[in-house]
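**Q** What follows is each chain in one-letter form.
2 protein chains.
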Amino acid sequence: MKAKIHITPKKAVLDPQGKAVQNALAQLGHGNITAVHVGKYLELELAPGAERDATLVSLHEACRRFLTNPVIEDYQLSVE
Amino acid sequence: MKAKIHITPKKAVLDPQGKAVQNALAQLGHGNITAVHVGKYLELELAPGAERDATLVSLHEACRRFLTNPVIEDYQLSVE
Numbered sequence: 001m002k003a004k005i006h007i008t009p010k011k012a013v014l015d016p017q018g019k020a021v022q023n024a025l026a027q028l029g030h031g032n033i034t035a036v037h038v039g040k041y042l043e044l045e046l047a048p049g050a051e052r053d054a055t056l057v058s059l060h061e062a063c064r065r066f067l068t069n070p071v072i073e074d075y076q077l078s079v080e
Numbered sequence: 001m002k003a004k005i006h007i008t009p010k011k012a013v014l015d016p017q018g019k020a021v022q023n024a025l026a027q028l029g030h031g032n033i034t035a036v037h038v039g040k041y042l043e044l045e046l047a048p049g050a051e052r053d054a055t056l057v058s059l060h061e062a063c064r065r066f067l068t069n070p071v072i073e074d075y076q077l078s079v080e
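Chains A and B, in that order, give the protein sequences. Residue 39 in our numbering sits at position 39 of the first sequence, with consecutive numbering throughout. Residue 7 in our numbering sits at position 7 of the second sequence, with consecutive numbering throughout.
None of these hints come from the bench; they were simulated from the model. Be a bit skeptical, because a hint or two may be false.
On the chain A side, residues computed to face chain B include the following (Cβ under 8 Å) [as the list claims (entries may be wrong)]:
id: 1; residue: H6
id: 2; residue: N23
id: 3; residue: N32
id: 4; residue: H37
id: 5; residue: G39
id: 6; residue: E43
id: 7; residue: E45
Quick caveat: nothing in here was measured; it's all calculated off a predicted structure. Note that CB positions come from ideal geometry on N, CA and C, so glycine has one too.
Pulled out of the complex, with its shape left as it was, chain A reads as follows (with noise of 0.2 Å):
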């Protein structure tokens, strides 16, 4: 099993990693591109056997916990 987490800056935080990306990307001709959020992507493998349902409350506290900021990130966590 697997665990897929997104994490990006909120829509209203200023992301200036993301403004550089989308200037340095408009000087080698990328000029269509209007906007570029980074953020982070982390795949977490389970052990085998791990039961779904306690997996996502769990790796959800985790999130607000320890792997994001949730003053100025948003997250994404999916289990497939």
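On the provided structure of chain A, position chain B as indicated by the hints.
**A** Positioned in the frame of chain A, the structure of chain B alone reads:
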């Protein structure tokens, strides 16, 4: 239109950040995680009316030349 890029370290490359996250999660009680891979996630908003195929080609080039380090990183690009 939106492009999503997942950049992950190649499987053969040591991922110390992933290892650190895995150890930290284990100490927080999430011991059933066997591996963690930490990568980057980019969301690109494209100007309306952009042509899909040309955009894909141009973004693949941007990924290879600028956004990723092809020696140690893999990427996945999707446009939707």
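**Q** Min Cβ distance, A:G39 to chain B: is it shorter than 8 Å?
**A** Where the cut-off is 8 Å and the nearest Cβ of chain B is about 4 Å from A:G39, the hint holds.
**Q** Would the stated hint for A:E43 survive a check requiring a Cβ distance to chain B of less than 8 Å?
**A** holds, 4 Å
**Q** Interface hint check: A:N32, Cβ to nearest Cβ on chain B, cutoff 8 Å. Holds or violated?
**A** Result: holds, 4 Å to nearest chain B Cβ.
**Q** Does A:H37 pass the interface check with chain B, least Cβ-Cβ distance below 8 Å?
**A** Holds, about 4 Å.
**Q** Are A:H6 and chain B close enough, Cβ to Cβ, to be under 8 Å, as the hint says?
**A** holds, 5 Å
**Q** Let me know if the C-beta of A:E45 comes in closer than 8 Å to any C-beta of chain B, holds or violated.
**A** holds, 4 Å
**Q** Against chain B, run the beta carbon of A:N23 and see if the smallest gap drops under 8 Å.
**A** violated, 12 Å
Hint violations for this structure: number 2 only, all remaining hints satisfied.
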